[in-house]
Amino acid sequence: MLRTAVRQIFGVALRVFFRRIEIVGAGRVPADGPVMFVLNHPNALIDPAFLLCLAPRPVSFLAKAPLFRTPVLGAIVRAFDSIPVYRRQDEGGEVDNRATFRTARALLERGQAVAIFPEGTSHSDPKLKPLKTGAARIALGTALADLQIVPAGLYYDDKAKFRSDALVFYGEPFAVEPARLDERGEADAEAVHALTRRIERALGEVTFQADQAEALALIERVSRIFAATSDVPWSLADGFDLRRRMVVGYNQLREADALAIAAIQARVTRYEGDLTALGLPPEHYGPADFSVAGSVRYALRSAVSLGLLLPLALLGTTLHFPAYRITALLARRFSGGDQDMMATIKLLAATLLFPLTWLALGLTVGWRLGWPAGVVAGALAPASGAAALVFWERFASVGAAARGLLLFMTRRNMLARLHADRLAIRAAILELARRTSV
Numbered sequence: 001m002l003r004t005a006v007r008q009i010f011g012v013a014l015r016v017f018f019r020r021i022e023i024v025g026a027g028r029v030p031a032d033g034p035v036m037f038v039l040n041h042p043n044a045l046i047d048p049a050f051l052l053c054l055a056p057r058p059v060s061f062l063a064k065a066p067l068f069r070t071p072v073l074g075a076i077v078r079a080f081d082s083i084p085v086y087r088r089q090d091e092g093g094e095v096d097n098r099a100t101f102r103t104a105r106a107l108l109e110r111g112q113a114v115a116i117f118p119e120g121t122s123h124s125d126p127k128l129k130p131l132k133t134g135a136a137r138i139a140l141g142t143a144l145a146d147l148q149i150v151p152a153g154l155y156y157d158d159k160a161k162f163r164s165d166a167l168v169f170y171g172e173p174f175a176v177e178p179a180r181l182d183e184r185g186e187a188d189a190e191a192v193h194a195l196t197r198r199i200e201r202a203l204g205e206v207t208f209q210a211d212q213a214e215a216l217a218l219i220e221r222v223s224r225i226f227a228a229t230s231d232v233p234w235s236l237a238d239g240f241d242l243r244r245r246m247v248v249g250y251n252q253l254r255e256a257d258a259l260a261i262a263a264i265q266a267r268v269t270r271y272e273g274d275l276t277a278l279g280l281p282p283e284h285y286g287p288a289d290f291s292v293a294g295s296v297r298y299a300l301r302s303a304v305s306l307g308l309l310l311p312l313a314l315l316g317t318t319l320h321f322p323a324y325r326i327t328a329l330l331a332r333r334f335s336g337g338d339q340d341m342m343a344t345i346k347l348l349a350a351t352l353l354f355p356l357t358w359l360a361l362g363l364t365v366g367w368r369l370g371w372p373a374g375v376v377a378g379a380l381a382p383a384s385g386a387a388a389l390v391f392w393e394r395f396a397s398v399g400a401a402a403r404g405l406l407l408f409m410t411r412r413n414m415l416a417r418l419h420a421d422r423l424a425i426r427a428a429i430l431e432l433a434r435r436t437s438v
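Our numbering applies: residue 1 is where the sequence shown begins, and numbers increase by one.
Calculated directly from the structure, the hints in this document are not laboratory data.
Listed below are the simulated DSSO-like cross-link pairs for lysine-lysine, each with C-alpha atoms no more than 30 Å apart in a straight line:
#, residue 1, residue 2
1, K132, K64
2, K161, K127
3, K127, K64
4, K64, K161
5, K129, K64
6, K129, K161
Build the full structure now, drawing on both the sequences and the hints.
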């Protein structure tokens, strides 16, 4: 019951925190039989939460031992049958994980699913850290002929930001070739390292990496501009595939034609500077996208929808703003500036503070007006929060459209130039892609 409750609560919390979540390749995950998930690790406890709450089958995680000794978190990780992993940096000396490996192997031998982060730690590096051998040792030690390893890539467009986007990408499963085991039930070093290299290649196929963070930042900026020229909205999977191909092209051009990269970067910087000065996003409309009739229809629809939401949204904003601000302050205070921990602290704090806000409202109204009114108020509180979220996101969208319309009416030539610049950057990228055969 605890596992189901935690899964449901955090599943809802994830879908509130992230504006859009896409799960790609879930059909590749075997429905039964022993499975080991191996994942990259960019976002602390948010990463296991995705698999624990949204995976197509129940999963047990290998998690660092200090979590089991942490109040509240310890109960949560135990509820998911997590397995403690002891690390030198946590324990202050040599560690023994033989019991950990035995427990993980026993779960796999019972046909269950186990997940592990082979990098061993969460990080913001632009590429995977060297993989630990624990995943390979566990897999080979089972000696199971039907064990499948499923690589999974986790991608966040802005991992610390509320209402950002997240993608879970399941790759192709692969079987584990049995290896000879010694008297301790361990495979030899050569087999372990071979399987670790195979896992590393599989993770490379479901993530995109670069040697420098600056390269990934440039690719992120360029891909937004590129996607903005599409006639239809892109899925996160489309954007992920685009970025992967851009990384390949970037690596080729960095050696063959560094000046071409510098030229693209300069054009993008100038374009973004113009957008910032005008308060426009890369997805801004061009002059041909505006019409009087269309603008009037959009304005009327927006006015009606915002007007209907306004009373409940104002209540929700007033009620939830204190918890929202406290959550942000706690994240800044306890993350120490570490981007890996920001979302984790925000999610945990919000999951505690917002229900407490609803409870406090219900008790206060019940004390003043009677318990039936208190129950209604407590039930209405989450709906008011949802209304506030929808209202302010819609309001921001309307504001962006209004700025674009104002430019269309007062500075049409400037808007046309920006639109032409965006198309020119896209054309330059396509030309580079043809040169690199990406």
